[in-house]
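Spelled out from the first residue to the last, the chains are:
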Amino acid sequence: MIFKTATEMADALSKKEISSVELTQAHLDRISAVDGDVKAFLHVDKDGALAQAAAVDADRASGKAMSPLAGVPLALKDVLAQKGVPTTAGSKILQGWKPPYDSTVVSKLKDAGVVILGKTNMDEFAMGSSTENSGYGPTFNPWDLTRTPGGSSGGSSAAVASFEAPLAIGSDTGGSIRQPAALTGIVGVRPTYGAVSRYGLIAYSSSLDQAGPFGRTVLDAALLHEAIAGHDAHDATSIEAAVPAVVAAAKDGNVKGMKIGVIKQLQGEGYQKGVQTRFTESLDLLASLGAEIVEVDCPSFEYALAAYYLIAPSECSSNLARFDAMRYGLRTGDENGASAEAVMAATRDAGFGREVKRRIILGTYALSSGYYDAYYGSAQKIRTLIIQDYAKAFAAADVLVSPTAPTTAYKIGEKVDDPMAMYLGDVATIPVNLAGICGMSLPAGLAEEDNLPVGFQIMAPAMQDQRLYQTGAALEAALISKWGGALITKAPALKGGAK
Amino acid sequence: MSTLSRDEVAKLAGLARIEMTEEELVNISSQFGTILDAVARVQELNLDGVKATSHPQPIENIARPDVVQPSLTPAEALSGAPAQEDQRFRVPQILGEE
Numbered sequence: 001m002i003f004k005t006a007t008e009m010a011d012a013l014s015k016k017e018i019s020s021v022e023l024t025q026a027h028l029d030r031i032s033a034v035d036g037d038v039k040a041f042l043h044v045d046k047d048g049a050l051a052q053a054a055a056v057d058a059d060r061a062s063g064k065a066m067s068p069l070a071g072v073p074l075a076l077k078d079v080l081a082q083k084g085v086p087t088t089a090g091s092k093i094l095q096g097w098k099p100p101y102d103s104t105v106v107s108k109l110k111d112a113g114v115v116i117l118g119k120t121n122m123d124e125f126a127m128g129s130s131t132e133n134s135g136y137g138p139t140f141n142p143w144d145l146t147r148t149p150g151g152s153s154g155g156s157s158a159a160v161a162s163f164e165a166p167l168a169i170g171s172d173t174g175g176s177i178r179q180p181a182a183l184t185g186i187v188g189v190r191p192t193y194g195a196v197s198r199y200g201l202i203a204y205s206s207s208l209d210q211a212g213p214f215g216r217t218v219l220d221a222a223l224l225h226e227a228i229a230g231h232d233a234h235d236a237t238s239i240e241a242a243v244p245a246v247v248a249a250a251k252d253g254n255v256k257g258m259k260i261g262v263i264k265q266l267q268g269e270g271y272q273k274g275v276q277t278r279f280t281e282s283l284d285l286l287a288s289l290g291a292e293i294v295e296v297d298c299p300s301f302e303y304a305l306a307a308y309y310l311i312a313p314s315e316c317s318s319n320l321a322r323f324d325a326m327r328y329g330l331r332t333g334d335e336n337g338a339s340a341e342a343v344m345a346a347t348r349d350a351g352f353g354r355e356v357k358r359r360i361i362l363g364t365y366a367l368s369s370g371y372y373d374a375y376y377g378s379a380q381k382i383r384t385l386i387i388q389d390y391a392k393a394f395a396a397a398d399v400l401v402s403p404t405a406p407t408t409a410y411k412i413g414e415k416v417d418d419p420m421a422m423y424l425g426d427v428a429t430i431p432v433n434l435a436g437i438c439g440m441s442l443p444a445g446l447a448e449e450d451n452l453p454v455g456f457q458i459m460a461p462a463m464q465d466q467r468l469y470q471t472g473a474a475l476e477a478a479l480i481s482k483w484g485g486a487l488i489t490k491a492p493a494l495k496g497g498a499k
Numbered sequence: 500m501s502t503l504s505r506d507e508v509a510k511l512a513g514l515a516r517i518e519m520t521e522e523e524l525v526n527i528s529s530q531f532g533t534i535l536d537a538v539a540r541v542q543e544l545n546l547d548g549v550k551a552t553s554h555p556q557p558i559e560n561i562a563r564p565d566v567v568q569p570s571l572t573p574a575e576a577l578s579g580a581p582a583q584e585d586q587r588f589r590v591p592q593i594l595g596e597e
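As you go down the protein sequences, you meet chains A and B in turn.
Residue numbers for the first sequence follow my numbering, beginning at 1 and rising by one.
Residue numbers for the second sequence follow my numbering, beginning at 500 and rising by one.
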């Protein structure tokens, strides 16, 4: 059962062919068997998950109306607060912290009867693209355990790709859902900014952060998207509008007559050959399904990476000021009458990892007087140009496409000492975040040179998330029929047994 | 190539309230030039007359009716405190000793 899709699991649950307790236990067993190799989870909430599953089973037995995903298990990125369950954001500064409240995403999951198995590993405060910046050690890619599952939501992507959970929640500030989905051969969606509440999502860069779904199919991701999206009075940036009809679109999967724009700037030089080959092949498939392929020009995208690595660190240097050793989290050096300021500085040194410190320093620099206009100010203007490029491109096409990441999964340790090389992996995903629009990555096959998954990225205008699913579902169906089965079934079996 | 000296990193670390080891200061300083060169590309374009975007949505202040709503109990609010005393957060000294 664990190898089925979330949709199939939900169907079996509704027909009472299996109970949620049985389904949850099967996933807990899978986690016990293989997570020693994958290390996707920071915390497995066995008792909480089984209790939640039992409650769903009781509700179903009593004849209560159930949500579509009721009883289906899920892995939750450790960036989202869950009441009473350890929540660290991958940082030592929050080790042992148990939030006194639920994030809105968690409340909605609980309301929908989705069973939360535990909290998944991530780059510390979502700063990174490989999970190697986690304060608790890296996660390993189920396709090749010597490689990264991407990041920052690498624990979530690895959990879904290794069948430890059929669904997962991630967060995407510069590509942190789409890139790990690409590197592990699954589907990941960054919804429109403001579509999913950020209440209880530990902030990295508030104008860019957005939580979203992972699944092994487009429809599974759509079901989870619908469960977590919607206006929330607790988040002042939450959009007050109906959730786009993503599930209906995922069931429809039709691109006939649709205009699909290929972004000139997001291909070619710097993109691995096998990535480019799979991308072109998917484009041909979309054309054969009746879509019209056009090329669009987004010249300012060349500056997106530079703008992002000023805006995100600037916002993070401000957001992470809250970790001050006073109200929650770590406190060190509180002895011999040390001042609050000294305790704060000692705690932030002990609690933050290298990449977090680097970004706080970069942000502090970019915001300091004398440099503000040249760095942060210019980056904000580039952001306007990127929004304008998208507006022009969406006037010519219904959706835009590109490879999700320039390469397939790289080796653990390969880029960890070269921050700039790591940052370049986000080049195709970052423009979506700067513009606040939505994007999806779905598997496009394996690169010939290394047999690792390649992601195909689809982008749509703000609050047109259904277009991602409509396009993605059509491409997914065509690819599966070409392959003779889902890509994930080609992933090597995990032996398990490691601790 | 841009550079940021060890002392400049130390000054920024002070502003950001992070006490860094000598090794960290040197490490961040040595990698900063490459990063600064990359982000300085935002200055290549003529941006005169371009409006700045701080946020992807037009934001307005949103007020809710002034009605009492459920909130955390003192025990819940203090549940993660590193130290507490008499239902309050206990913090290290803020003012110097007299």
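Hints should not be assumed to be uniformly reliable.
Selected chain A positions facing chain B (Cβ under 8 Å, derived; list incomplete) [said to hold, decoys possible]:
| # | residue |
| --- | --- |
| 1 | Y193 |
| 2 | N336 |
| 3 | Y365 |
| 4 | S369 |
| 5 | G370 |
| 6 | I412 |
| 7 | M420 |
| 8 | A435 |
Please keep in mind that the hints were generated in silico from the structure rather than gathered at the bench.
For glycine and all other residues, C-beta sits at the position ideal for the given N, C-alpha and C.
Here's how the hints hold up against the structure:
no. : hint : in the structure
1   : Y193 : holds, 5 Å
2   : N336 : violated, 10 Å
3   : Y365 : holds, 6 Å
4   : S369 : violated, 11 Å
5   : G370 : violated, 12 Å
6   : I412 : violated, 20 Å
7   : M420 : holds, 5 Å
8   : A435 : holds, 6 Å
The structure fails hints 2, 4, 5, 6 (numbered hints given earlier, in ascending order).
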